[in-house]
Amino acid sequence: MKKKAQHRPARRPRASRLDQAERRAQLLQCAMRVFARRGLGAARHAEIAKEAGVSVPAVFFYFPTREELVTAVLDEVDQFLVEMAEQLHASERPAPEILLAHARAFAASVDTHPDYARVWLDWSTAIREEMWPRYLDFQERIVAVLARTIRRWQNERGAASDVDIEDDARLMVAAAHMVAQMKFTRVPPEKLDHFLRTLVGAALGHRI
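In this note's numbering, the protein residues as written are 79 to 286.
If you are wondering where the hints come from, they were derived from the structure by calculation, not from laboratory data.
The reader is advised that the hints may include incorrect statements.
As the list claims (entries may be wrong) - Across the chosen pairs, the derived CB separations fall in these ranges:
#1 Pro142 to Ser169: 38 to 44 Å
#2 Arg115 to Asp245: 51 to 57 Å
#3 Glu218 to Ser169: 20 to 26 Å
#4 Arg206 to Gln157: 22 to 28 Å
#5 His284 to Ala252: 36 to 42 Å
#6 Gln157 to Pro266: 30 to 36 Å
#7 Leu199 to Val241: 26 to 32 Å
#8 Gln165 to Glu268: 32 to 38 Å
#9 Glu145 to Gln98: 18 to 24 Å
A virtual CB, placed ideally from N, CA and C, is assigned to each residue, including glycine.
Assemble the whole structure, with the sequences as input and the hints as a guide.
This is how it looks when you write it as structure tokens:
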């Protein structure tokens, strides 16, 4: 009498071997995708492990608590957007060109890094969460970068002293939410660019 073949449960594919820095970076990107889908308040270590194809303890090894996991994701988004701003505003080009280049680069990043944009949008409205003070700090640093360029423009033009440069910078930061929405809803490129030009013109008091 023949024995029945035993069916063993399928094994989970073993994760590729990476050094610790590479593994952490991989898990961070997996976390970014999960947080973008599920929201900052919902994603857990087990979901990141499933996304990465690793064990749950492996995720806890790199991010021992949920707080550390959230912090790492927000730090990544913070660094990405602040570096974008600082690199573009380091130029000596005319201020209108710099601000328009920044607005266009941010819009393009919604296509190239959509998960970062979704996490940023979620973070920016987490008013009742412990992460809110971190967002305000991030926002102030972006405002400061924009304000420096706007101030240079106003000084070069001899603008009135009662102009509130920080308000102009905040206008651009606030409009970034609309830019992201326009990208996610696939607004035609020419219409989006017209909006960006209008935005920069409003911030500078100068038609672009």
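Going down the list of hints, with the structure as the test:
Restraint check, Pro142 to Ser169: a C-beta distance of roughly 41 Å satisfies the suggested window 38 to 44 Å. The hinted range of 51 to 57 Å is not satisfied by Arg115 and Asp245, whose Cβ atoms lie roughly 35 Å apart. One distance hint, 20 to 26 Å for the beta-carbon pair Glu218 and Ser169, holds here, with the actual separation near 22 Å. Between Arg206 and Gln157 the Cβ separation comes to about 25 Å, which falls inside the hinted range of 22 to 28 Å.
Range check, His284 to Ala252: Cβ separation about 19 Å, and the 36 to 42 Å hint is violated. A hinted range of 30 to 36 Å holds for the C-beta pair Gln157 and Pro266, which are about 31 Å apart. Taking 26 to 32 Å as the suggested C-beta distance range, the pair Leu199 and Val241 conforms, at roughly 30 Å. Our hint of 32 to 38 Å for Gln165 and Glu268 is violated, since their Cβ atoms are close to 26 Å apart.
Taking 18 to 24 Å as the suggested C-beta distance range, the pair Glu145 and Gln98 conforms, at roughly 21 Å.
Violation of the numbered hints given earlier is confined to hints 2, 5 and 8; the remaining hints are satisfied by the structure.
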